[in-house]
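Participant: Here the protein sequences line up with chains A and B, keeping their order. For the first sequence, our numbering assigns the number 497 to the last residue and increments by one with no breaks. For the second sequence, our numbering assigns the number 295 to the last residue and increments by one with no breaks.
The set of hints was computed from the structure by calculation and includes no laboratory data. Treat the numbers as computed from the prediction; the structure is a model and nothing was measured. Please note: incorrect hints may appear among the correct ones.
If you want the footprint, here are the derived chain B segments under chain A, 3+ residues with CB under 8 angstroms [claimed, not checked]: (1) 181-189; (2) 210-220; (3) 225-231; (4) 235-241; (5) 277-287.
The C-beta atom is built at its ideal place from N, Cα and C for all residues, glycine as well.
Each chain is listed here by its residues.
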Amino acid sequence: MRTIQFEQIVSAVEGLCIQANTIIGDDVLKALQKARDTEESPIGQTILGHILENDAIAATEAVPVCQDTGMAVVFVTIGQEVYIEGGALGEAIHEGVRRGYEKGYLRKSIVKDPLERVNTGDNTPAVIHYDIVPGDKLHILVAPKGFGSENMSSLKMFKPADGVEAVKKFVVQTVENAGPNPCPPIIVGVGLGGTMEKAAILAKRAVVRHLGHHNEKPHLAALEKELLEKVNQLGIGPQGLGGRTTALAVNIESYPTHIAGLPCAVNINCHVARHAEIEL
Amino acid sequence: MKRAIRLTTPLTQEMLRELKAGDSVLISGTVYTGRDAAHKRMVEALDRGEELPFDVKDQVIYYVGPCPAKPGQVIGSAGPTTSYRMDSYAPRLIEKGLTGMIGKGLRNADVVNAMKEHGAVYMVAIGGAGALIARTIKEAKVIAYDDLGTEAVREMVVEDFPAIVCIDAEGNNLYEQGKLQYRQD
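Build out the structure end to end from the sequences listed, making use of the hints.
Facilitator: Have a look at this one:
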């Protein structure tokens with residue numbers, strides 16, 4: 218067994234919340250720069266330039282890239298030989314979020330009850346996904362999720378007979394319906410297979426993937442490329458004001474599924490594609 | 111892009127007539143903030159026959175829920191939020207004389223009809239550029255619904271706040287025009 222202290226996790230999560238909200242990854246910046254250089258719409262080009270300027274200000278001044286500092290989605294991969302001393306893992310993560318959002322001057326955007334809607338005041342709780350794996354490492358990925366784009370996400374349970382054509386149509390239609398609302402250019406995460414909830418989690422995993430990396434399965438990598446082309450033919454463009462850059466990437470994650478089903482979830486992320494990770 | 115038009119609030123009906131979908135604008139003067147929860151309260155106040163927390167006539171509402179200010183800042187990051195969530199409330203405020211809204215994303219037909227009938231424009235700012243936009247906000251103070259935190263109504267003084275006229279008072283819509291122009295079928 219390897220022991221990791223409760224406080225060590227709290228402080229790691231605190232740091233990740235601040236880092237993710239203020240520093241946009243190089244992969245995303247590169248994709249935005251490329252889009253700015255190739256965008257044909259003059260308004261679109263100006264917007265992409267402003268987005269890059271914004272991201273540079275945020276990193277330099279350590280301020281949030283976007284005022285919607287999101288609901289903290291946390292992917293935890295824990296080795297089964299890890300022992301956590303001093304408290305529960307989940308509580309350490311919530312406490313890290315609490316401290317990070319306070320110390321980082323991040324917006325508190327969580328309401329305690331979806332219908333009664335009173336703010337919790339500290340941006341907790343986080344949404345945590347756990348994976349238990351062999352080994353003695355603890356990997357934590359924090360992905361603050363803004364709701365302008367989250368609200369544009371969609372899920373559909375297709376029949377096997379509907380096949381890949383239905384999946385393509387659904388992904389493109391979801392992006393078209395979203396239009397300017399999710400702050401394009403967007404990243405489209407697609408989860409295929411599993412059960413209803415598994416497909417949704419896969420789609421979330423897909424949006425936090427490093428840009429430029431493709432699915433290992435050749436047919437899915439080809440589908441990612443085809444869908445990106447199709448989505449960028451919609452004309453929605455930067456901020457929806459017209460142009461060629463509607464999405465920076467379409468990422469697909471898949472899982473085996475039932476003989477009777479073809480679950481398909483589409484999670485949309487804005488250009489403020491935030492995630493930060495650490496291995497303890 | 112065309113050169114930006116400088117606008118100083120209040121935004122009168124006469125000024126509105128000069129604004130066309132696709133115009134870039136730089137807004138200076140006082141604007142008010144409000145998003146989901148504040149709009150709900152404002153419309154509930156109207157339903158009870160009460161006054162709004164500020165007179166909306168010829169005013170501009172910015173749909174934003176800013177981040178807290180760091181020491182030395184006027185306000186934290188403050189980009190636009192998605193406007194359609196205010197669609198069920200906006201026509202009531204437009205009827206009361208509101209002439210400008212700043213947000214991002216689609217509006218429904220009820221909002222556009224109210225804009226055409228009473229005279230109002232919908233302007234969009236860049237979603238996800240909250241750090242850049244915050245630099246144009248020179249003063250900010252909460253004037254109503256303090257308990258709503260980030261969703262409270264603020265009075266802000268802005269200087270050269272960058273926006274684009276998306277839907278003008280005649281109902282011309284840049285979202286529709288822009289998409290048509292670049293769509294490849």
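Participant: Looking at the structure, which of the earlier hints fail to hold?
Facilitator: 3
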